[in-house]
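Chains P and A are the protein sequences, given in the same order. The first sequence finishes on residue 300 if you use this note's numbering, and the numbering steps up by one all the way, no holes. The second sequence finishes on residue 311 if you use this note's numbering, and the numbering steps up by one all the way, no holes.
Check before you lean on any hint, since a few could be wrong.
[Unchecked claim] Keeping only pairs whose Cα atoms sit at most 35 Å apart, straight-line, the calculated DSBU-like set for lysine-lysine is:
#, chain 1, residue 1, chain 2, residue 2
1, A, K12, P, K108
2, A, K18, P, K108
3, A, K306, P, K11
4, P, K11, A, K108
5, A, K306, P, K291
6, A, K114, P, K291
7, A, K110, P, K291
8, P, K11, A, K18
9, P, K178, A, K148
10, A, K303, P, K178
11, A, K148, P, K57
12, P, K291, A, K12
13, P, K236, A, K306
14, P, K178, A, K16
15, P, K178, A, K12
16, A, K148, P, K48
17, A, K210, P, K108
18, P, K11, A, K110
19, P, K11, A, K114
20, P, K108, A, K303
21, A, K148, P, K68
22, A, K148, P, K291
23, P, K291, A, K212
24, P, K291, A, K166
25, A, K148, P, K236
26, A, K303, P, K48
27, A, K16, P, K108
No lab work stands behind these hints, which were simulated from the structure alone.
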Amino acid sequence: MNNEISKTANLVLNIIFIIVSILCVLPIVLVFIISITDYDSIVKHGYQFFPDKFSLEAYSYIFKDYGVVARAYGISIFVTVIGTLISVLISSLYAYPLSRGDFKYRNGFAFLIFFTMLFGGGLVPWYIVYTQVLDLKNSIWALIFPMLLSPFNVLIMKTYFQMTVPPALIEASKIDGAGELRIFIRIVFPLSLPVFATIGLFNTLHYWNDWFNSMIFITDTKLYSLQYLMYKMISQADYLSRNSSLIQGSVTELAKLPGETIRMAMALIGIGPIVLAYPFFQRYFIKGLTLGSIKG
Amino acid sequence: MITRQQGNGAALEAGLPPKKKKRLPTAFKEFRKNKVLLLMLLPGVIFLLINNYLPMFGIVIAFKNINYVDGIMGSPWVGFDNFKFLFATEDAWIITRNTVLYNFVFILLNLVIAVAVAIALNELKNKLAAKFYQSVMFFPYFLSMVVVSYLVFAFLNVEYGFINKGVFALFGLDEVNWYSEPKYWPFILPLINIWKGVGYGCVIYLSAIIGIDSEYYEAALIDGASKWKQIVYITIPLIRPVIIITTILAIGGIFRSDFGLFYQTTLNSGALYPTTLVIDTYVYNALINMGNLGMSSAAGLYQAVVGFFLVLGSNWVVRKIDKDQAVF
């Protein structure tokens, strides 16, 4: 028997989904078009989806002075790569003993990490620890260290290890004389590659998209990550536009430099790598989320 | 073996109770047996102690009048004065109301829309198209809040924004100064939240729907149940546990908010605070922009304590419903 929806219902649903899909990407399309719009056209008509004149001035402006952007890219890439590698390592090393039913101190260490989901000291003491105790103000490690271990990731990895690595296998390898570390590297790791990939992607995204730690710890312009550079550009430019009524004449003169389009071009340059990696990303992401929803 | 006997002897000589003489060596043996596993945990433990547990001692700051000369330890205790100041201001009420109400709206909207989208995606005839729509809807989730603030700015910019210049001008409406008019943001923020989160939200429900045994539907079909009836009487009841669990856990987090959404997309505009300031942004602004350690840490502790009981309570409820789904 056929239990599909009717042709009309299917058509209506498809139309709705097409509209929703368009709405999802429309803002990015707008930003892209603004970035290639001629500046005079913006001053005259504002931001438009169909501007009357195009210009690549914004991009040529950014690439002429590419030092700042290239540097921010470098910082972001460094933080993302190093941060992801270390965090996946630490998370898996923490999750694996918790997954072992025969590990005596399992509950104590589980409590130690999962309690942090319940209670924290708050922003102020945390800030003081990082700036006074660890002295990480204006250090690139302040962008890496705070996100090394998340209880949520440990929970996912622990659950996955429990599902895929049978205790009998570990027992057998022990009898064969394999040490714990060897079992972890040679047996658990190859069997659990999907979860390593998933957590790696979660962390890559978190590190790449992070601006909060920069906002708190970084004042040195040399250490600006891409996200933070973008934040600086929008918050400063907005300051101008919000106060423009006060100092009308001079600002319009000052704004002769295509500030609006440059900013939007920057946003696009910032989104770039995510768009390219996206098809690969989201497939694993969906897998990982389903994985995580089995528990927690 | 020899060392153990010696250990026992030493314990006897020292006149320790007989219970202890056996325990010490086994504890040590147990420790040695688990040496490698404990070593694996070590980096994580060090991280947790520094990043999470050390700051917990800092909650004393909320009960002190911190000055930079005396430092944290030397500054005088002021009891609950910081809290008195905080709750004497209108801010305390505003940030609590904003945090709870926005989260409430987000939870409700996300639930309804994500479930609806998941059911609709599952019904589409063309599975390839369904995959494509899902991918596109998931995309905004991958953007950082800074990028989102640019996208919002492109629409709401007062001078050039698409809403003012493109839409309002077309209908002859007056330009709106979006970043200084608080009344619009209770609609703008949920819109952004849904736009960014629906692709993520429907994944869990979609996987629950796909997991439903098709025999239920076949039986219903024989009984002549329409598609709508199948959704109401089979799909929704069968994914109800997932809905309930997700919602209760979200309610547990109702005192914590998405800092980026409230800080970045509003461009932290002070004029919007009446409808956009939440506890997290208040704590940040008090610390970084005003340098008011007392107020900031008092608000932070207020959030932490209420949040603690909310998470614990919601988890308790989840445990009552389905033990396996509880986090703790």
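Right, here's what the structure says about each hint:
1. At most 35 Å may separate the alpha-carbon atoms for a hinted pair to count; K12 (chain A) and K108 (chain P) meet this at roughly 12 Å.
2. This hinted pair checks out: K18 (chain A) and K108 (chain P) have alpha carbons roughly 12 Å apart, not beyond 35 Å.
3. A C-alpha spacing of about 43 Å is found between K306 (chain A) and K11 (chain P), which places the hinted pair above 35 Å, so the restraint is violated.
4. For a cut-off of 35 Å, the pair hint linking K11 (chain P) to K108 (chain A) stands: about 9 Å separates their Cα positions.
5. Proposed proximity of K306 (chain A) and K291 (chain P) is supported: the alpha carbons are some 24 Å apart, at most 35 Å.
6. Taking the CA atoms of K114 (chain A) and K291 (chain P), the gap is near 13 Å; set against the 35 Å cutoff, the hint holds.
7. At roughly 17 Å between alpha-carbon atoms, K110 (chain A) and K291 (chain P) fall within 35 Å of each other, so this suggested pair holds.
8. The straight-line distance between the Cα atoms of K11 (chain P) and K18 (chain A) is roughly 64 Å, outside the 35 Å bound, and the hint therefore fails.
9. This hinted pair does not check out: K178 (chain P) and K148 (chain A) have alpha carbons roughly 71 Å apart, beyond 35 Å.
10. Distance hint between K303 (chain A) and K178 (chain P) is unfulfilled; the C-alpha atoms sit about 39 Å from each other, more than 35 Å.
11. Between K148 (chain A) and K57 (chain P) the CA atoms are separated by roughly 16 Å; this keeps the pair inside 35 Å, and the hint holds.
12. Simply put, K291 (chain P) and K12 (chain A) have alpha-carbon atoms about 41 Å apart, too far for the 35 Å limit, and the pair is violated.
13. Pair hint K236 (chain P) plus K306 (chain A) does not hold up; C-alpha atoms about 47 Å apart against a cutoff of 35 Å.
14. For the proposed pair K178 (chain P) and K16 (chain A), the alpha carbon gap of about 12 Å is at most 35 Å, so the pair holds.
15. With a CA separation close to 17 Å, the supplied pair K178 (chain P) and K12 (chain A) stays within the 35 Å bound.
16. Proximity of K148 (chain A) to K48 (chain P) is assessed by CA-CA distance (about 10 Å); at most 35 Å being required, the pair is judged to hold.
17. Distance check on the hinted pair: K210 (chain A) and K108 (chain P) sit about 52 Å apart at the alpha-carbon level, beyond 35 Å; violated.
18. Restraint check: the Cα-Cα separation between K11 (chain P) and K110 (chain A) comes to about 15 Å, which is no more than 35 Å; the hinted pair holds.
19. At roughly 19 Å between alpha-carbon atoms, K11 (chain P) and K114 (chain A) fall within 35 Å of each other, so this suggested pair holds.
20. Simply put, K108 (chain P) and K303 (chain A) have alpha-carbon atoms about 27 Å apart, close enough for the 35 Å limit, and the pair holds.
21. Restraint check for K148 (chain A) and K68 (chain P): satisfied, since their Cα atoms lie roughly 31 Å apart, inside the 35 Å limit.
22. For the hint linking K148 (chain A) to K291 (chain P), the alpha-carbon distance of about 42 Å lies beyond 35 Å, and the restraint is violated.
23. Simply put, K291 (chain P) and K212 (chain A) have alpha-carbon atoms about 30 Å apart, close enough for the 35 Å limit, and the pair holds.
24. With a CA separation close to 40 Å, the supplied pair K291 (chain P) and K166 (chain A) exceeds the 35 Å bound.
25. For the hint pairing K148 (chain A) with K236 (chain P), the CA-to-CA distance comes to about 25 Å; that is within 35 Å, so the pair holds.
26. For a cut-off of 35 Å, the pair hint linking K303 (chain A) to K48 (chain P) is broken: about 62 Å separates their Cα positions.
27. Proposed proximity of K16 (chain A) and K108 (chain P) is supported: the alpha carbons are some 10 Å apart, at most 35 Å.
The structure does not agree with the numbered hints 3, 8, 9, 10, 12, 13, 17, 22, 24 and 26 stated previously, though it agrees with the rest.
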